[in-house]
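Visitor: Single-letter residue listing:
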Amino acid sequence: MRPIPAEPPPFFHRGPSPLARVAFFGLFSIVLLFVDARYRTLEDVRHAVGAVLYPIQRALRVPGEALDELATYFASKNELEQDNARLRAELIAQAPAAQGYASSRADIAKLRALVQLKEKHAEGATIVEVLYAGRDPFAQKLFVSRGSEAGLVPGSAVIDEAGVVGQLTRVYPTTSEVTLVTDKDHAVPVKDERSGVRSVLYGAGTGRAPELRFMPPSADIRVGDRMVTSGLDGTYPAGLAVAQVSRIDRDTGQIFARIECMPIGGVDRSGTLLVLAPPAALPARPEEPSEIETKSKGGRAKARRAG
Amino acid sequence: MRIAARMPSFAPARPEEILKPAKPWFVVLTLALAMLANTLPATGVALALKPDFVALALLYWCIQAPRYVGVGVSWTMGLLMDVVDATLFGQHALAYAVLAYGAEYFRRRVLRFPLWQQAVQVAFLLAACAALVLLVRMIGGAPLPRWTYAVPPIVGALLWPLLTVMLQWPQRPSRKTTTL
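Keeping their order, the protein sequence lines are chains L and R.
Residues -16 to 290 in the working numbering are what the first sequence spells out, letter by letter.
Residues 3 to 182 in the working numbering are what the second sequence spells out, letter by letter.
Mixed in with the good hints there might be a few duds.
As the list claims (entries may be wrong) - When the alpha-carbon atoms are kept at most 20 Å apart in a straight line, the in silico DMTMM-like pairs for lysine to aspartate or glutamate are as follows:
hint	chain 1	residue 1	chain 2	residue 2
1	L	K167	L	D203
2	R	K52	L	E243
3	L	K167	L	E48
4	R	K52	L	D119
5	L	K167	L	D66
What the hints assert, rightly or not - Example chain R residues on the side facing chain L (calculated, C-beta under 10 Å, incomplete):
hint	residue
6	T89
7	W118
8	A121
9	V157
Because the hints were derived from the structure by calculation, they are not lab data.
Ideal Cβ positions, reconstructed from N, Cα and C, are used throughout, including at glycine.
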């Protein structure tokens, strides 16, 4: 009779116990969490993993995209005609503005030359497609289809046909992450289009309306006012529509009014977005006499997100 | 019909039915598809309802193929999800590693239950996974999310029977092996 071996057969060898493994990986995760939250030194790792993952994501998307294209190909004639009519109507409606734009631009260029102001934002924009929305319920993010390969840089403003949608916060080789204006950590310097009052629009997170914070109850802001970017932060070009005031709560017991806004841009709807080229570099600004005053005033409102 | 006789039924496998071992490429494919499902664009109600497909797929394979998918693989998938979702590094990884441990802990008994009772247990595991993510985020300073945060684990549990039938399909032994 063969003796029973002291060691179990190799079939039973499974390495460390699950508890040991979960303890090891759990600790490792916690260290990673801490390092990522505190020092932000893992961005390169993130980029590398993202770059490796992208072709796989892309390949997995192919069947769905093919189906989409097939559906578009067989889109009913009726639908196309309707679309066509609507687009024509929109084009005509916008014609006066478009025609006026060229001459206004020329005028502005002359006036700027007159007061020796530099061009505030560079020309050029990149059209991007929304790939998917971040699943994280704690943050409002989108992923779009172009990255550093198209010359995108973090910090660029992202808009759609109606208004500001957000800002590029991370740029991968072929994709980018957009933080939406509704994100809890996002702020846009704005001004009231009607009264010119300056403020900062803070996102409030999923399902909550963005707010204008730290506005005195006496501030000249009314329900229905449009807030446009003030351009004070050097991130967003001035004059882009951001939000419309939807509710004002002027409680005299509070120091600040509570002003809620609805985003004008299709923050959770648009499928095609435009990434604007970043504005001209800031360090040149102090030379300009009229900018110095603006800067000192707007210094406190400069709460743009780093990166 | 010869073909029809060889097709396994749509009903879930009975406990006494012995499944063929899963093919590694099938495991990898399902995990990749789950990741794709997680990144499908969704807004509004769909986004609020959308379960974590990667967690579900990992849970299934941790129970059915523990030799292929365990704590380590789950942790790695979690890191990938952290990149895809742009969340803090380690957040999903931690949650999935603990999920895999939970699956390891109860996989020996869960298959004895009918599918809907399995789903109840799965709901608890997925909820624990979501609670862990919530804990990490709240330590990081996030506010309490809305009540809809509790919905995806429940939806995930409701999908469990369907997922089980779909994922065990290729492992079902054909009914008349003699015709092969």
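Visitor: If a hint holds in the structure, say so; if it does not, say that too.
Guide: Tested hints:
| no. | hint | in the structure |
| --- | --- | --- |
| 1 | L/K167 to L/D203 | 25 Å, violated |
| 2 | R/K52 to L/E243 | 28 Å, violated |
| 3 | L/K167 to L/E48 | 32 Å, violated |
| 4 | R/K52 to L/D119 | 11 Å, holds |
| 5 | L/K167 to L/D66 | 36 Å, violated |
| 6 | T89 | 5 Å, holds |
| 7 | W118 | 26 Å, violated |
| 8 | A121 | 22 Å, violated |
| 9 | V157 | 13 Å, violated |
In this structure, the earlier hints numbered 1, 2, 3, 5, 7, 8 and 9 are contradicted, and the remaining ones agree with it.
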